[in-house]
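Asks: These protein sequence lines map, in sequence, to chains A, B and C.
First residue of the first sequence? That's 1 in the working numbering, and the numbers climb one at a time after it.
First residue of the second sequence? That's 1 in the working numbering, and the numbers climb one at a time after it.
First residue of the third sequence? That's 1 in the working numbering, and the numbers climb one at a time after it.
Since the hints were derived computationally from the structure, they do not count as laboratory data.
From the three backbone atoms N, C-alpha and C, an ideal C-beta is built for every residue, glycine too.
Check before you lean on any hint, since a few could be wrong.
Unchecked claim - Selected chain A positions facing chain C (Cβ under 10 Å, derived; list incomplete):
#1 Ala72
#2 Leu76
#3 Ala84
#4 Gly109
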Amino acid sequence: MRFHSKRFVAFAAAASLVIAACGGGDEAEDVPADEPAAADESAAADEPAAEPAPAPDEVTGTLIGAGASSQAAAMLGWQAGFQAAYPNATVEYDPIGSGGGRKQFLGGGSDFAGSDAALKDEEWESSKEVCAGDLGAINLPHYISPIAIPYNLPSLAGTTLQLSPEVIAGIFANQITNWSDAAIAAENPGVDLPDLAINPVHRADESGTTENFTDYMSQAAPDVWTYGAIEAWDADGPGGGEGAPQTSGVVAAVNAGEGSIGYADASQIGDLPAAAVGVAGSFVEFSPEAAGRIVDSSVRTGGRNEFDFAIEVNRTPDSADTYPIALVSYHIVCLEYADQETVDLVKAFMTYVSSDAGQRASAASAGSAPISDEVQAEIQKSIAVITVAG
Amino acid sequence: MTLLSPQSASVTAQTASRGRLGDRVFSGLSRAAGINILIILAGVAAFLVVEGRAGIFGDTEEMSGSDNFLQYVGPLVFGTVYASFLALLIAAPLGVAVALFISHYAPKRVSQTLGYLVDLLAAIPSVVFGIWGITVLAPILSGNLYPWLNENLDFLPFFSGTISTSGRSMLTAGIVLAVMILPVITAISREVFLQTPRLHEEASLALGATKWEMIRQAVLPYGRSGVISGCMLGLGRALGETMAVAIILSPSDGYFWSVLTNQNSNTIASNVALKFPEAYGLDVNRLIATGLVLFGITFLVNALARRVANAGFSGADG
Amino acid sequence: MTSVMNDVTAPTVGLDARRMSRAAEGAIAAVSLLLGISIPNLLGNGKWGWILIVAALSYVSLTYVGSRVLEDRRQATDRVMRATLTVAFVLVMLPLLSVTWTVIREGVSRFDGTFLGGTMRLTPEDLLAQREGFAAGGAFHAMVGTLIITGLAAAIAIPLGLLTAVYLVEYGRGRLARAITTMVDVMTGIPSIVAGLFAYALFVIIFGPGSRTGIAGGVALSVLMTPVVVRSAEEMLRLVPNELREASYALGVPKWRTILKVVIPTAVAGILTGITLAVARVIGETAPLLIAAGLAQETNVNPFDGRMTSLPVFTYYQYVQPGIPTEAGVERAWAAALMLVLIVAALFVLARVLANVLKPKGLR
Numbered sequence: 001m002r003f004h005s006k007r008f009v010a011f012a013a014a015a016s017l018v019i020a021a022c023g024g025g026d027e028a029e030d031v032p033a034d035e036p037a038a039a040d041e042s043a044a045a046d047e048p049a050a051e052p053a054p055a056p057d058e059v060t061g062t063l064i065g066a067g068a069s070s071q072a073a074a075m076l077g078w079q080a081g082f083q084a085a086y087p088n089a090t091v092e093y094d095p096i097g098s099g100g101g102r103k104q105f106l107g108g109g110s111d112f113a114g115s116d117a118a119l120k121d122e123e124w125e126s127s128k129e130v131c132a133g134d135l136g137a138i139n140l141p142h143y144i145s146p147i148a149i150p151y152n153l154p155s156l157a158g159t160t161l162q163l164s165p166e167v168i169a170g171i172f173a174n175q176i177t178n179w180s181d182a183a184i185a186a187e188n189p190g191v192d193l194p195d196l197a198i199n200p201v202h203r204a205d206e207s208g209t210t211e212n213f214t215d216y217m218s219q220a221a222p223d224v225w226t227y228g229a230i231e232a233w234d235a236d237g238p239g240g241g242e243g244a245p246q247t248s249g250v251v252a253a254v255n256a257g258e259g260s261i262g263y264a265d266a267s268q269i270g271d272l273p274a275a276a277v278g279v280a281g282s283f284v285e286f287s288p289e290a291a292g293r294i295v296d297s298s299v300r301t302g303g304r305n306e307f308d309f310a311i312e313v314n315r316t317p318d319s320a321d322t323y324p325i326a327l328v329s330y331h332i333v334c335l336e337y338a339d340q341e342t343v344d345l346v347k348a349f350m351t352y353v354s355s356d357a358g359q360r361a362s363a364a365s366a367g368s369a370p371i372s373d374e375v376q377a378e379i380q381k382s383i384a385v386i387t388v389a390g
Numbered sequence: 001m002t003l004l005s006p007q008s009a010s011v012t013a014q015t016a017s018r019g020r021l022g023d024r025v026f027s028g029l030s031r032a033a034g035i036n037i038l039i040i041l042a043g044v045a046a047f048l049v050v051e052g053r054a055g056i057f058g059d060t061e062e063m064s065g066s067d068n069f070l071q072y073v074g075p076l077v078f079g080t081v082y083a084s085f086l087a088l089l090i091a092a093p094l095g096v097a098v099a100l101f102i103s104h105y106a107p108k109r110v111s112q113t114l115g116y117l118v119d120l121l122a123a124i125p126s127v128v129f130g131i132w133g134i135t136v137l138a139p140i141l142s143g144n145l146y147p148w149l150n151e152n153l154d155f156l157p158f159f160s161g162t163i164s165t166s167g168r169s170m171l172t173a174g175i176v177l178a179v180m181i182l183p184v185i186t187a188i189s190r191e192v193f194l195q196t197p198r199l200h201e202e203a204s205l206a207l208g209a210t211k212w213e214m215i216r217q218a219v220l221p222y223g224r225s226g227v228i229s230g231c232m233l234g235l236g237r238a239l240g241e242t243m244a245v246a247i248i249l250s251p252s253d254g255y256f257w258s259v260l261t262n263q264n265s266n267t268i269a270s271n272v273a274l275k276f277p278e279a280y281g282l283d284v285n286r287l288i289a290t291g292l293v294l295f296g297i298t299f300l301v302n303a304l305a306r307r308v309a310n311a312g313f314s315g316a317d318g
Numbered sequence: 001m002t003s004v005m006n007d008v009t010a011p012t013v014g015l016d017a018r019r020m021s022r023a024a025e026g027a028i029a030a031v032s033l034l035l036g037i038s039i040p041n042l043l044g045n046g047k048w049g050w051i052l053i054v055a056a057l058s059y060v061s062l063t064y065v066g067s068r069v070l071e072d073r074r075q076a077t078d079r080v081m082r083a084t085l086t087v088a089f090v091l092v093m094l095p096l097l098s099v100t101w102t103v104i105r106e107g108v109s110r111f112d113g114t115f116l117g118g119t120m121r122l123t124p125e126d127l128l129a130q131r132e133g134f135a136a137g138g139a140f141h142a143m144v145g146t147l148i149i150t151g152l153a154a155a156i157a158i159p160l161g162l163l164t165a166v167y168l169v170e171y172g173r174g175r176l177a178r179a180i181t182t183m184v185d186v187m188t189g190i191p192s193i194v195a196g197l198f199a200y201a202l203f204v205i206i207f208g209p210g211s212r213t214g215i216a217g218g219v220a221l222s223v224l225m226t227p228v229v230v231r232s233a234e235e236m237l238r239l240v241p242n243e244l245r246e247a248s249y250a251l252g253v254p255k256w257r258t259i260l261k262v263v264i265p266t267a268v269a270g271i272l273t274g275i276t277l278a279v280a281r282v283i284g285e286t287a288p289l290l291i292a293a294g295l296a297q298e299t300n301v302n303p304f305d306g307r308m309t310s311l312p313v314f315t316y317y318q319y320v321q322p323g324i325p326t327e328a329g330v331e332r333a334w335a336a337a338l339m340l341v342l343i344v345a346a347l348f349v350l351a352r353v354l355a356n357v358l359k360p361k362g363l364r
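Here chain A stands alone, though its shape is the one from the complex:
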């Protein structure tokens, strides 16, 4: 941990309880489920340092965000829920893409950014110029979108295909080209695999889904997937396979051809079966809860300050109750803003988003996985220290 100013020292000391809670987070109070406004108050009540949160109808103005289009569907749910609870507040979100969102935030064009990747170090440095004060910005992992691996093998109806990371990477790197391959058979004993060519389907557009899926393969099967974490498959990937635009294109392409396999937002795969993924020696089927645990088992990258939640997503968890393939998307906010109105807006909105109610809203509108109670509590403590500079 590095201290960047005397004021930060004072600041950190005042919020000492928060810092102490960073490791455990067990002492977090249960957040009331249904009322975002109440959630805001109870979370704030824990904080000795933070000023009391204003009443919902005192939060006024327009909060402007821009960034990842992966969050666009979730944002619909958040906007609806937040604006119902805070009648005088408006949230606008411009889905211009993660990179563009970070750029606009760092240029002062928005109050927060949505991004599939946390701020890079040099971006964090420049965030200190944009944010009031000099504490810079923090990353809050608010949106976890599980990525399923749907496949089209009608002859396997009833059984779930089990695939280890190495086999998944082998398929998408075009090294395993037939369903009857010995590597697949070894992981699916007793399953009568068809002698059929594998047609791996990937996204034709640039997307955070591709980046997270390839990041998974390069972490979990680095020997097989040597292309790293990439956003654009056709430019940087192994070639081969079928490209289809957007999630719906991938799902349609998998649906259209027997022997196809793809990767797509779990909420969008419809009736297609999804493979169980090899984790810590066993196979985990996708479920929102299992995917939500991915943030718990990941480590924070750290090095900036106590409140930053940038994580190195751990794709090889130790416990077999975690589903490791998910897109983790952040909200990037300043720790200090220039005026009270923005502070109130940011705190109210981010507190709502990270609450149970907010997570349920995005699950309803975007099929996301909820972040766990422990992580919720920690995130809310980071949000509570957001304040006016000076």
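Starting from the structure of chain A, add chains B and C where the hints point.
Replies: Just chains B and C now, with coordinates in the frame of chain A:
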């Protein structure tokens, strides 16, 4: 078409009205509008150059994919030209046939209506064609035609390889493009076929030619340049077509001849539509630079079409 | 013009030429249809596509064989070409029918009040309703966006295009006029996505990086629309007989009033038809608006601030990002496609009506 030029009449009028304020204002306005067209076009080229330059010469380390610009745009140019060429290969004979049918075979009472019907095909938005192509046409083709081509003609490199199970192949894109450019070819061909001098046609028939022989002797030679320029305009349209290709084609990086597999070179326009919404930084500039390349290609094709049309009509008029 | 041609029956060749009887022609058509239905079914593939193909092929080949036997080689070729051209026309009509039928069949289910009056600004209740299969979400914001963007494009392109056409026909001579004519041709060939990139690049300089606005969409479309307006207006103005202009000048009317009061009113039917068709051409454009105007979830009436959804872009995104459940979005996409096709068809009809109603009497 052969009316006297209105300018010859205006010469006398101009002297009479010179000096009148209204005239000066009006002629100034219309002249300004004309010059504006030049400015806009120069602006299109200038902005594309200004914003695209960084994409061509910028640091490729900061862009996705580490190729230089030529390696990046090469497969896209190939895909653009290949898809358009396929479309033309299908649409040109069909378009001419339909034009002949409407101009010389259909009963006169309905021929104009039939012409409207073909024109209507040009009015369907390309995004609708794209969704129709992938949900209706692609399954039909990949379920029937493609396996047959693949089994019986796979000695040709175009039909070899593993066929795309979902029909997201170059041939599907080419066929949808063909449907979209067919009205252009038909409209222009129909126009020139109708302009065939009646004397030529009747002379041919009087010599005992059958209708088809008359068409070969009189109509087709007269209309040849018109047909060619119609085809070039159709080609220009196909080169720039975006959404239908973006929705249908399964793109890969590289050069691919086979038209049935899911390995296809993307087209410039479709690549921009797919990548632009999420792009930022230098990637945006590079996409704009590919737009500039596309602009150049269509410019060449259209210039060629104009040259053919001009050469042809002046010869035929004599 | 072609009436004479089409009334000429196929000429007899030689005095003793044998002719195929009507009965024989009918028999060939009937047998082809029979073959078309039976062969695919016998081979175990009775899809209507194969039926059509086999019927068409047998019609063409039986016509040739019949004509070779009953007539001669030249007549046979003639008949085969007639049959082939007819088949080609039918073949080309198939996609039109298929697209129209598909759009109507798929689009009609969500073509309801919620679709026409609602936006994609969904409430929690809407999301719940949608999950349970009820209608939610609409394209009102997209229709407003299309109206504003197309309106802006028309507001730029129509005056610019008309004045340019007037300049080319009434004033222009020499190098400038030739340059403008050539450049209008070049402009006609600008790919729509390039127009979108241009508008984006232009407004990025004004509004900053990443900006997507309605006005940028309008400018992009106006680049595509202007040359179409110039071309059609120019053609129509040239059709106005010079006698009308000369008569006006002889009465001492200044040139500008002659143009405004005599030339343009005479050509107004053609000009309006051309403008309507130009609007029809750009209203379905997706790619330039995807780039320049972006996607918004709710109604935005300010073209200078924020994204503005249009119907084509709405169609595309509802199809590729359908939400939960996917059927909801896909149904909205088809409904929007139906809406688009209806608008374009209405514009086409309007163009024909304008051409007929406003056609000046005595001219052609």
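Asks: State for each hint whether it applies.
Replies: Right, here's what the structure says about each hint:
| no. | hint | verdict |
| --- | --- | --- |
| 1 | Ala72 | holds (8 Å) |
| 2 | Leu76 | holds (6 Å) |
| 3 | Ala84 | holds (7 Å) |
| 4 | Gly109 | holds (7 Å) |
Of the numbered hints listed earlier, not one is contradicted by the structure.
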